[in-house]
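Construct the entire structure; sequences and hints are all you get.
For reference, the chains in residue letters:
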Amino acid sequence: MSKLDSRFPLYAKLLYLYPQSYRQKYGHEMLQTLADMLDDTNRSKTGVWFRTSLDLPCSLTKENLLYVTNILSHETPDYVKRVSLFSGLLLLPFFVFISLNALTAHNLYNSWFWIPKVIAIWLIFMPTTAFLIATATFIYWASHRRANKSFWSNLFDFRRNWPLSIVVFISVGIITLAFGHDSVHCIVNNPINEIHYWRSTLNCIKHG
Amino acid sequence: MSKQRSNMLPAVAFNILLALSLKPRHGYEIMQQIEQDSHGRVIIGPGALYGTIKQLNDDQLIEELPSISSRRRYYRLTKKGLDRLGSELSYFEHTVKLAQQRKLLKQNFGRSR
Chain A
1 MSKLDSRFPL
11 YAKLLYLYPQ
21 SYRQKYGHEM
31 LQTLADMLDD
41 TNRSKTGVWF
51 RTSLDLPCSL
61 TKENLLYVTN
71 ILSHETPDYV
81 KRVSLFSGLL
91 LLPFFVFISL
101 NALTAHNLYN
111 SWFWIPKVIA
121 IWLIFMPTTA
131 FLIATATFIY
141 WASHRRANKS
151 FWSNLFDFRR
161 NWPLSIVVFI
171 SVGIITLAFG
181 HDSVHCIVNN
191 PINEIHYWRS
201 TLNCIKHG
Chain B
1 MSKQRSNMLP
11 AVAFNILLAL
21 SLKPRHGYEI
31 MQQIEQDSHG
41 RVIIGPGALY
51 GTIKQLNDDQ
61 LIEELPSISS
71 RRRYYRLTKK
81 GLDRLGSELS
91 YFEHTVKLAQ
101 QRKLLKQNFG
111 RSR
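Heads up: the protein sequence lines correspond to chains A and B, in order.
Counting in our numbering, the first sequence runs from 1 upward without gaps.
Counting in our numbering, the second sequence runs from 1 upward without gaps.
Treat the hints with care, since some could be wrong.
In silico SDA-like cross-links for lysine to any residue, where the CA-CA straight-line distance does not exceed 20 Å [unchecked claim]: (1) K54(B) with K45(A); (2) K23(B) with L65(B); (3) K45(A) with Y28(B).
Which residues of chain A face chain B? A few of them, derived with a C-beta cut under 7 Å, are [stated by the list, open to error]: (4) Y26; (5) M30; (6) L65; (7) D157.
Some chain B residues well away from chain A (every beta-carbon gap over 12 Å; in silico) [claimed, not checked]: (8) F14; (9) G27; (10) Q32; (11) E35; (12) I43; (13) G47; (14) L49; (15) N57; (16) R76; (17) Q100.
Quick caveat, the hints were computed from the structure, so don't treat them as lab data.
No residue lacks a Cβ here, since even glycine has one placed at the ideal position from N, Cα and C.
In structure tokens:
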């Protein structure tokens, strides 16, 4: 840990949120500039921290967006893009139906897409399929990526394969939500079982 | 005209080039010069400063000097950067002349008083 790191431990830690290449090149400079600003007697320390607290989130967002956009256009293989798009589309009905239901003050509970069979499709089957496809592609990408990194480092390099990572995280979120919802107390904890015994599960949901 | 406007540098990038037109500077000196040149209107933090420096460096409008100090990196304007600054300034010069012809500057000055 350098002298500047120990002087601004929180700021130094937050710099780890920048892309690695940016942090390696400009991280120390940013700490040095912050130190210069605070050492300048013409500046108010509160003002410096206030400005820095506004500047950091904006800059972090911008640099990470530039980083992921750059990765998508230069590094992401076409099959990853296609699978991300396809599996992302499988998650779309969940958001559409939940949003529509919320917008119509929950009047859609009586409509056709709120009947148990249809719910099971967009709430469990489609997100589970998206999760399985995205995870399998992620594993394939991690094992075939041409970089001097091990399989395991690739597997946890979520930012380098962010389109699939987003699909995996969102589908896990939806599935967790589905199983945590109060109407799903009768669904067994295994999605495969839930699909297999769908008649009894739906009956249970219907009658409580 | 719209094409020329869309190719213009963002305010922070323009101010960095302007600050480096006098001499090579390190990050904090650039920040101070920008505040001085803009009469305190342009105030930036370390994130915006180095994000823009990176962009200008990638576009080869500025370059890093061989290490003078181990603590700080110094940057200077390249030939391409100087040309770019010149074209930006000539646009502003044209705009100011136009504003003077239309007596916009005087009107605004009168209003602000």
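Of all the hints given earlier, name the ones this structure violates by number, lowest first. 1, 6, 7, 9, 10, 11, 12, 13, 14, 15
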